[in-house]
Each structure stands twice: as C-alpha cells, then as structure tokens.
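Trainee: In order, the protein sequences belong to chains R, S and L. If you're matching positions, the first sequence starts at 0 in numbering that gives the first Met the number 0 and goes up one per residue. If you're matching positions, the second sequence starts at 0 in numbering that gives the first Met the number 0 and goes up one per residue. If you're matching positions, the third sequence starts at 0 in numbering that gives the first Met the number 0 and goes up one per residue.
Calculated from the structure, these hints are not laboratory results. The structure displayed is predicted, hence computed values, not measured ones. Incorrect hints may appear among the rest.
[Unchecked claim] Label pairs and their calculated CB-CB ranges: (1) T260(S) x D121(L): 49 to 59 Å; (2) L218(R) x T32(S): 46 to 56 Å; (3) E440(L) x P60(R): 28 to 38 Å; (4) S208(R) x V303(S): 29 to 39 Å; (5) P76(R) x R389(L): 20 to 30 Å; (6) E269(L) x L66(R): 43 to 53 Å; (7) W109(S) x K403(L): 37 to 47 Å; (8) R295(R) x L50(S): 35 to 45 Å; (9) E440(L) x L66(R): 21 to 31 Å; (10) L66(R) x K402(L): 48 to 58 Å.
[To be verified] Residues from chain L that keep clear of chain S, each with C-beta distances beyond 12 Å, as calculated: (11) Y77; (12) D253; (13) E282; (14) S419.
A virtual CB, placed ideally from N, CA and C, is assigned to each residue, including glycine.
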Amino acid sequence: MAAPSAPPVPTVRGRRSGRRDDTRLALLFILPASIGLLVFYFWPLVRGIWLSFTSWDLLSPAEFVGLDNYREMVADPVFWNAVRVTLLYVVINIGLQTVVALVIAVLMQRLSRSTLLRSLVLAPYLVSNVVAALVFLWILDFQLGIGNQLLEWVGLERIGFFTSETWAIPTIAVVNVWRHMGYTALLIFAGLQAIPPTTYEAARVDGASEVRTFFGITLPLLRPILGLVLIISVIGSFQVFDTVAVTTNGGPVDASRVLQLYIYDKAFGQFDFGYASALSVAMLLILVVVTFFQYRMTRAGQTDLN
Amino acid sequence: MTETTTAPAAPTTVPAPETGTTAPPRRRRRRVTPGRVLAWAVMIIVLLVTLFPFYWMLRTALSSNGALYANSTSLLPVDFSWGGFERVFGLQSTEEAIAQGGSGASIDFWLYLRNSVVVATVVTACQVFFSAMAAYAFSRLRWRWRNAVFAVFLLSLMVPVIFTLLPNFVLVRELGLIDTLLGIMLPGLFMTPFAIFFLRQFFMNVSTEVEEAALIDGASKVRVFFSIIIPMSVGPIATIAILTYIGSWNDYFWPLMVSYTDDSRVLTVALGNFNAQTPQTGPDWAGLMAATLVAALPMILLFVVFARRIVNSIGFSGIK
Amino acid sequence: MHHARRTTATLAAAVAAGTLALAGCAGPGTAAADDSVVLDYWLWDANQLPAYQRCADEFQRQNPDLQVRISQYGWNDYWRKLTAGFVAGAGPDVFTDHLTQYPGFAQRGLLLDLNDLEATADVDYGGFQEGLADLWVGQDGAQYGMPKDFDTVALFYDENVIAEAGMTPEDLEGLDWNPDDGGSFEKVLAHLTVDENGVRGDEEGFDPENVAVYGLASNGSGGTSGQTTWSWLAGATGWTFTDKDVWGTEYHFDDPRVQASLDWLFGLVEKGYMAPYEEVGTEPNPQQALGSGRAAISANGSWMLGTYANLQGVDLGIASLPSGPVGHPVSMYNGLADSISAQSPDPEEAARWVEFLGSDDCQRIVGEAGVVFPARPAGTEAAIDAFGERGLDVSVFTDLVEKKQTLFFPVTEEFGAIDSVMMPIMDEIYIGDRDVATLTEVNDRINGLLK
Numbered sequence: 000m001a002a003p004s005a006p007p008v009p010t011v012r013g014r015r016s017g018r019r020d021d022t023r024l025a026l027l028f029i030l031p032a033s034i035g036l037l038v039f040y041f042w043p044l045v046r047g048i049w050l051s052f053t054s055w056d057l058l059s060p061a062e063f064v065g066l067d068n069y070r071e072m073v074a075d076p077v078f079w080n081a082v083r084v085t086l087l088y089v090v091i092n093i094g095l096q097t098v099v100a101l102v103i104a105v106l107m108q109r110l111s112r113s114t115l116l117r118s119l120v121l122a123p124y125l126v127s128n129v130v131a132a133l134v135f136l137w138i139l140d141f142q143l144g145i146g147n148q149l150l151e152w153v154g155l156e157r158i159g160f161f162t163s164e165t166w167a168i169p170t171i172a173v174v175n176v177w178r179h180m181g182y183t184a185l186l187i188f189a190g191l192q193a194i195p196p197t198t199y200e201a202a203r204v205d206g207a208s209e210v211r212t213f214f215g216i217t218l219p220l221l222r223p224i225l226g227l228v229l230i231i232s233v234i235g236s237f238q239v240f241d242t243v244a245v246t247t248n249g250g251p252v253d254a255s256r257v258l259q260l261y262i263y264d265k266a267f268g269q270f271d272f273g274y275a276s277a278l279s280v281a282m283l284l285i286l287v288v289v290t291f292f293q294y295r296m297t298r299a300g301q302t303d304l305n
Numbered sequence: 000m001t002e003t004t005t006a007p008a009a010p011t012t013v014p015a016p017e018t019g020t021t022a023p024p025r026r027r028r029r030r031v032t033p034g035r036v037l038a039w040a041v042m043i044i045v046l047l048v049t050l051f052p053f054y055w056m057l058r059t060a061l062s063s064n065g066a067l068y069a070n071s072t073s074l075l076p077v078d079f080s081w082g083g084f085e086r087v088f089g090l091q092s093t094e095e096a097i098a099q100g101g102s103g104a105s106i107d108f109w110l111y112l113r114n115s116v117v118v119a120t121v122v123t124a125c126q127v128f129f130s131a132m133a134a135y136a137f138s139r140l141r142w143r144w145r146n147a148v149f150a151v152f153l154l155s156l157m158v159p160v161i162f163t164l165l166p167n168f169v170l171v172r173e174l175g176l177i178d179t180l181l182g183i184m185l186p187g188l189f190m191t192p193f194a195i196f197f198l199r200q201f202f203m204n205v206s207t208e209v210e211e212a213a214l215i216d217g218a219s220k221v222r223v224f225f226s227i228i229i230p231m232s233v234g235p236i237a238t239i240a241i242l243t244y245i246g247s248w249n250d251y252f253w254p255l256m257v258s259y260t261d262d263s264r265v266l267t268v269a270l271g272n273f274n275a276q277t278p279q280t281g282p283d284w285a286g287l288m289a290a291t292l293v294a295a296l297p298m299i300l301l302f303v304v305f306a307r308r309i310v311n312s313i314g315f316s317g318i319k
Numbered sequence: 000m001h002h003a004r005r006t007t008a009t010l011a012a013a014v015a016a017g018t019l020a021l022a023g024c025a026g027p028g029t030a031a032a033d034d035s036v037v038l039d040y041w042l043w044d045a046n047q048l049p050a051y052q053r054c055a056d057e058f059q060r061q062n063p064d065l066q067v068r069i070s071q072y073g074w075n076d077y078w079r080k081l082t083a084g085f086v087a088g089a090g091p092d093v094f095t096d097h098l099t100q101y102p103g104f105a106q107r108g109l110l111l112d113l114n115d116l117e118a119t120a121d122v123d124y125g126g127f128q129e130g131l132a133d134l135w136v137g138q139d140g141a142q143y144g145m146p147k148d149f150d151t152v153a154l155f156y157d158e159n160v161i162a163e164a165g166m167t168p169e170d171l172e173g174l175d176w177n178p179d180d181g182g183s184f185e186k187v188l189a190h191l192t193v194d195e196n197g198v199r200g201d202e203e204g205f206d207p208e209n210v211a212v213y214g215l216a217s218n219g220s221g222g223t224s225g226q227t228t229w230s231w232l233a234g235a236t237g238w239t240f241t242d243k244d245v246w247g248t249e250y251h252f253d254d255p256r257v258q259a260s261l262d263w264l265f266g267l268v269e270k271g272y273m274a275p276y277e278e279v280g281t282e283p284n285p286q287q288a289l290g291s292g293r294a295a296i297s298a299n300g301s302w303m304l305g306t307y308a309n310l311q312g313v314d315l316g317i318a319s320l321p322s323g324p325v326g327h328p329v330s331m332y333n334g335l336a337d338s339i340s341a342q343s344p345d346p347e348e349a350a351r352w353v354e355f356l357g358s359d360d361c362q363r364i365v366g367e368a369g370v371v372f373p374a375r376p377a378g379t380e381a382a383i384d385a386f387g388e389r390g391l392d393v394s395v396f397t398d399l400v401e402k403k404q405t406l407f408f409p410v411t412e413e414f415g416a417i418d419s420v421m422m423p424i425m426d427e428i429y430i431g432d433r434d435v436a437t438l439t440e441v442n443d444r445i446n447g448l449l450k
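Same shape as in the complex, but just chain R (with noise of 0.2 Å):
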C-alpha cells in the first residue's frame, strides 16, 4: 500500500488539538440537507402524528380525539388483515428481489462489462409502477394471458393470477421483483466495483474457489451496500401501493389489501384523515422496528474495508 513517508508531524493549525472536531464544519456540510429535511420530512411527519391523535375530514379544522383512532385501529380487524399481508407480500418480494439482484450483480461483474448489458438490465426500472402493472395485468391475464397460455401448452392448469386469493400477493410480489432487480442489482454492482481488486488478488494467490472467494470475501465486504439495500428495499415493499391499486385493487375479498391501500381509502375515498394518519404512525413504527434491527444485523454501520 502507501510506503510509509515521514513520521506523523504536528498538525500545522497549532490551535487544534491532535484529535480532529470538525463540528462547525460538519453543520455546514449538512445545512442544505438540513432544511430539506426539516421543511419537507420533519414538519409534515410531525403534523402526521399529531393528525393520529384528531379526527379530521380534510376540509374541516381538526378535532382533537386523543387516543380514539389507536383503540379503534387495535379493534379494526381490516388493519390487522393489511398488516398480514404487506408482510407476507413484503418477505416474498424482498426475499426473491435481494437474491435475484445479487446473482444479477455479480454475473454483472463477472461476464461482461458491456454497458448494453447494464441497461438491458436497468430497464425495467424506467417503467412506470401503474405500466408495469397493467402489462402484467395482461401478461397474466386468465384467459387471454400468454402466461396462462404457456401453461396450457406445458399441460398444466391455467392459474387466476391476480384473482385466486393464494396467487394474488405472490404474483405482485413477482411484478414488483421485475420492475426493481435491476435497480437493486446496479445498486449491489456498485458495492461490487468498490471492493478493490487486490482483496481479490490476495484470495487467488492464496488458492481460494471461486465459491469460497464470493462468501469469505465479496459478501462480508459488501455489507454495507447490502445493509443499505435491504433497508431501502423493505421500507420501499412496506409502501407497496400503484401495483396493488391496478391490478387487484385489493382483492379478491381482501388478500391482497395491503397497508398502504388502506391509508389511501380511509384518507381520500373516505375523508377520515384522522384515522389514517394513525395507521400510517403503525406503519412507521413497525418500519422503524424492521430497519433498527436490520442495521444491527447487517451492521451497515460499520465497514470492513478501513
């Protein structure tokens, strides 16, 4: 690495002591930042939370109801359905999307540079989430699908992808898992391209497989990237809602009525913004919760490669 020069001189800023604080610079390094943070994340999450505890139609002042819309949402079976299923929806996705996108990425760096290659693969990702859905919607179709005619030609049954109760999930699951592995590959890629080519080198001259070189060195190293990924990708699975809102629109019955629908209904279709604003206040505590434990287990905090 650097050949070591001179020894450690004193800093030259004599006033400093040896042990950098970089405070005042740092606040000025995040005041741009800042205020968009404040202005347009902390405010309005702030004024949500207060909305929980109201009850407010949107078009009315707020009235203050106190702890009213939480005993309601814990009583409201309809909430704790939705919570079911953004989750079963949220582990199928997540789960396929991060494997998928892993093998994407390294095949990626491994077989080819070409930067046609990268696009083909990030293309998905330029559709829009209500496009992709309803070419699905087609795609899928029971009767006049060329998924389901596939099926027939392999002499298996025709499957109602988006109106059987057990596909309904799954099956969005795997439109979501189109539209973003690309996305989530090009993100893992990067993390790729950072891991300096000597760690690589030190393994072959060591004689590791390449098996061994993918699991003792490549992963580990891309823990933070993949921390960062994991986090991005369940908060973004948790808010599912376009997807759902084309195809299936909650159903059939109510398999596929996730969280985020019926946020939207309650606020827009049905004016009770007091209600919803509580429910999105569970939906971001079960977030914080998800991500505060992921953090720590992926320790994506912390990196192996300083």
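Go by the hints and put chains S and L onto chain R.
Mentor: Okay, now just chains S and L, sitting in the frame of chain R:
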C-alpha cells in the same frame, strides 16, 4: 471499473477473470468452463424475463386499439398502425385520436419533454451535490452528534408518503409556486435520505490513507472533500445521479398535483392522458405503450452515455 | 486534481443552467393576460373535451369579459387532485361532479347553492330530463349541481355471434326475466353459451366447466350500486335501494327480492353461462370479452357506446334489458352535474358559465359529439342523431327514460365507507364463498354507518 494491470507473476490454475487486463494488445483468454456456461445461461434467462414485457409493449404500441381484444395472444402487432406513436407526439387530430380509441386531449410533446429535462436535471444536480456534502459529514468528519443526527435522517426515510403530500402542497401554494417548475422541484431539491445514506456507505469505504496524506500536506477537510472523496467516488456518485434522474423523470403524482397548465406540465403527467380516462373503460393501450417506450428512451440513452464514462474513467484506487 | 475541478465545474454549470432555464419557465400564476376573469373548469372524460371546448368558445363569444380554462384529468387522478385542491385552496371554480362524491362535498360546505347565485337562480329544472335535477338537491334543499347528462343500461351484443347461434336481433327483443327460473332471458343466455366441444348451453352434454363462449359477459360483482351488473335485475322485481328516492336513511339489502336476484345472477357461473370470478377479477373488462368473442351479450351503460362501437370485427347490436316481474325493464338512471366550488373567488361569474352549461345551446353542442346523452331533451335529440349517423340505434337507452322505467342511483351519505364494506362482500358472493342471505346482517352494518 477499477482496472489495474495484473501482476505478471501470478500463475494460477483457476481462471479468475474479474481482474481484467487493460493492455489492449493482450487478448483475454477465457476457458469455457461449465461454470461460465451456466452463468451465461442464467444471464440469458434474466435478459429474456427482463425484456419480454418490453417486446409486448412494442407489439401493443404498434397495434390498433380496436383489434387488440380480438387477437390478444398474437405475438405480432395486431392490425399494424403507427397511431399509438402518433398520439404520443401529438401528431393526430382530436377526431382521429378519439376514433382510434385515444383521448381527445392535445399533447405538446416537445414542451413537456423540455420541462421534464429541466426538472430532472436541476433536481439531480442539486440533490446529489447537497446529499454528497451531508454524506461526507456523516462518514468522514468527526463530530459529537454524528450518529444521532444520522439516525434522524435515516428516520426520515420512513416517513409515510401520505404525511408529506398535503403539507408540501400547501407549502408550495403558500410560496406561490403552484403551476411552476420550481414548485415541482422544490421538495427534492435539497436531499433525499436515500441519497445521503447511499453515498455515506461509499464514502465510508474510501481509503483513509490518501486522506491522511493530504491532511498531513496541509489540505483542509473541505479541500479533501472536493479533491479526493468526490473524484474517488465517481462511480457511486454517477450511479446515484442516474437513479435520482430516473426517479425525478418518472415522478407522476406530485407533478400532477402541482401543475395546472402547460407551463409546468411534465412528460409523465401529460402522458397520463393515455391511462383510463373514465371509470370502466380501459386505457388507450397503443398510446400508453408507445408513451412508455418513448418516455423511457431518453433515460436509456442517458445511461448508456454516462455508464460508458464510468467505465472509461480509469478509477484509480489511488494507492500505489 | 483536475478531476475534482471538472466535477465541481460541471455541477456548478448544471445548477446555473437550470436556474436560468427556470427564470424563463416559472409562470406568473393564474392571472389572465387581459384582466378578464378566468374560470377554471375541470372534467375527466377526454372524449367530451372537444365538445366542451366548443361550448367554452361559444360562451366566451357571448361573454367577452370571461374566459374559461378547461382542464381534463383522468378519473383516477381527478378526485385526488380535486381533494388536494380543496385542501390547499387551489381548486377549480366549476367542476364535473358525481353522485357518489357530492354528498361528502356538500356536507363539508364545499359546494355553492345554485339557487343563491344570480345567473342560476331562475333556471327551470323541469326543463331537464325528468328527475335529474332532483338527484342534485341536498338534504337542505339546496341545488348543488346543474344537470349535465344521463346514462342508462342496455344489452350490447355482436350480431355475428347471434347469427351463428341461429338467432336474429328480434329474438333478443322483449325478453322476460324473473329470479326463479330466469325466464326467456336465461333461455337465450343458455343458447348463446357454447362449450369447448361446440355444445350449446341448452343442449345435451353441455359441459359447464369448459366453456368457450359465455352467454353473459361478467361485469364483476357490482359493489354497492351494481349499476351494470345487477341493478337492472333487482330493480325489475320492484326493489329499490333505499327507503327514499334520494337521501334515504336505510338500505334494503335485507329484501328477499335483491337477494334472489343476486343469487340468480351469480348462479349463472355454476350453470356455465357467465365467467367465474377467477377469470375476470375485481375489475373485469366486458368489452374485451365481447371483442374477443369470449362472451355473447354484455350489459353495460350508455357511456360505453363509443368504446363498444370501436371494437373491430364486431357488428354491434343493442337490445333492451329484459322485462322483470314488474312487467317492464328497469335500468339505473344516473346523471352527472356541474358544481361550483365554495372556494371560487368568482362565484357569480362561475354561475354564468354553469348556466350556459345547462342551456340548450351548450347541451346541443355536446350532444352532437355523440359521446353521452345530455340532460336537456334538445341535447338528447342531437346525441341520438349523432349516434344514428354512426349506424347506432340508441333509442333503447332513451326509451327507458321516456317510459320512466328507471331506478335512481342511490344517493346517501357516507357512500365511501359503505362501498368499502360492500365491495369485498359482493366479491365474496360472486366467488361463492358467502351466502346471499348474509346480506341481511351486512345491511344492518351499513345502515349503522348512516346514523
């Protein structure tokens, strides 16, 4: 991306091609192993799955709406017609459009394209820059409340969309920015928690030796930021820039809320015309698919251009 | 280190360029160029946009001090943008309103009473098709909407498919129906259903599990109103949704007549005459079914005329709904209207535009576009002629209104909450997982929401 010359004295039996050579005259010799065949097979399957829906979109875009239902499983365009694309570029008269199953609204395509480009470019430039600054503060600067403040930023990642929508809209209105491009850009202009988080993870990984060396040489931390961290992170910065651009380009609901006239209409909102306009009628399929393809094209081009840049910029690890 | 300088320079340039571009782009707001009052009018149906633009042009000619700016947003976005507009005070002056939404707006004081405004105070609401204006009178007696158009339901079919079955369009006229044995209507459906072996529904050896062509296209489960799915069946038994024409306080889903009608309709699935839920899902596409030859007859509303007429390969025929136990067909009668927002800074001017929208002049212009049936008889006539020019005889739709064989769309409070209860339950009944008789207890539940 980070390409180095291979150490010539590394005789290995396992062909590990991840460290490619940069010397042009030397041909890469790769042995065809079962592993590679399998890898390519998987890649091809991935590509097929990724691209088939796009083929479907193209085929539908080149069909006529009325005939679509009669031959819905045909792999070729049904009743070939350029109508979908014509409607996207605003080249059809209202009567023609309605007759072919499209909407009667007029589309000033190039205006909307320009608006989208302005919005996406400015948002990306500002957002990435400010986020990089903050990411630097959270990864390479030492200060007392670093972790706590970062946790707050991380928290904002989870703020439900429904909380931010109306307050932001009310704010934009009070600032008098309704129906302006600035109004559309405002919430995204300063940062997103994702960008900060992402860049921080990468800045953390930048080796400290170079930084130490520069600091010893008397550089300020600000200088380090601009002259060392950023150049060494061109890859991640480019990645987040592209992703931000795409995100901003594809944003639909917020621009829909803020824009009232053509002054501030962006492409996605304008192309929302191809969605179902009335309850129970389907969308203008041909137009919608054509619109999606046309809207995706600038970004694919952008990506190809910039990705090439990343590959070509010899990313040095800086330590030799 | 020229990398860094280059990067910084590029970034700075981008920001500068962007700001310059912005300076040119930021619009001045909603002020009109020449100090005339600008009225914002919103609607969702893009097919009607050209006609309304012509109305606006004519209005502006007659009223040079006013300008009308029409904005069109698709159905899904329309209500959300409208709500956000109300919240932020950035909504339209006038907008197309819907019966399911206006009670909520009226309740929250967002709509103006047309009787209070000069231009609309003297309008003779009897001059519209009968009953339409009453749908828009609030519980406080205020007139919240100026009737715009109306729609009814009829049977669409493909004449080629009928001919293949050895039938003629006359065979589809004057059918009768009852919830017990389906009457001649069910016989027709049976005959038109063909299984994959070519056996018809009324022949020996018909296989209800493998059907190639369904007699009746599925419209889903219908939710609370069942406008095109079952309202014409239940209504034909003499059943009504609530205890009053408008602003009822209790629903009648506990009535055995509606339960029997639903039972019959969803029972068609087992008989093989209609597609199961599995095939069509929550939001079925009956024009797709008709266009692809998957179904022979589709019951749908008059607003779908254009869409069905555009189906290639289909010779569109229109038949009237079957007569029910009451002796004649009954169709749901729905009407849109234009409302004025209470937040409008120019209510009197807005009223002038609304008055024009409800006048013979404008409604004739809209009728000539041949998309919907305007609420004024003059407009309706123009529409009938316009459709006639395309070869469509739409008298079936308008006769229902003339003969008063209609059933009002249910206008009550809390429609949003009620619908979100009813939709999944109706889906469940369609799927077959729930018995129709349970609607009695559901009825109590939704009546509870009305209190």
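Trainee: If a hint holds in the structure, say so; if it does not, say that too.
Mentor: Here is what the structure says about each hint:
no. : hint                          : verdict
1   : T260(S) x D121(L): 49 to 59 Å : 34 Å, violated
2   : L218(R) x T32(S): 46 to 56 Å  : 22 Å, violated
3   : E440(L) x P60(R): 28 to 38 Å  : 36 Å, holds
4   : S208(R) x V303(S): 29 to 39 Å : 35 Å, holds
5   : P76(R) x R389(L): 20 to 30 Å  : 50 Å, violated
6   : E269(L) x L66(R): 43 to 53 Å  : 48 Å, holds
7   : W109(S) x K403(L): 37 to 47 Å : 53 Å, violated
8   : R295(R) x L50(S): 35 to 45 Å  : 39 Å, holds
9   : E440(L) x L66(R): 21 to 31 Å  : 29 Å, holds
10  : L66(R) x K402(L): 48 to 58 Å  : 56 Å, holds
11  : Y77                           : 9 Å, violated
12  : D253                          : 28 Å, holds
13  : E282                          : 8 Å, violated
14  : S419                          : 16 Å, holds
Hints 1, 2, 5, 7, 11, 13, counting from the list given before, are not met by this structure.
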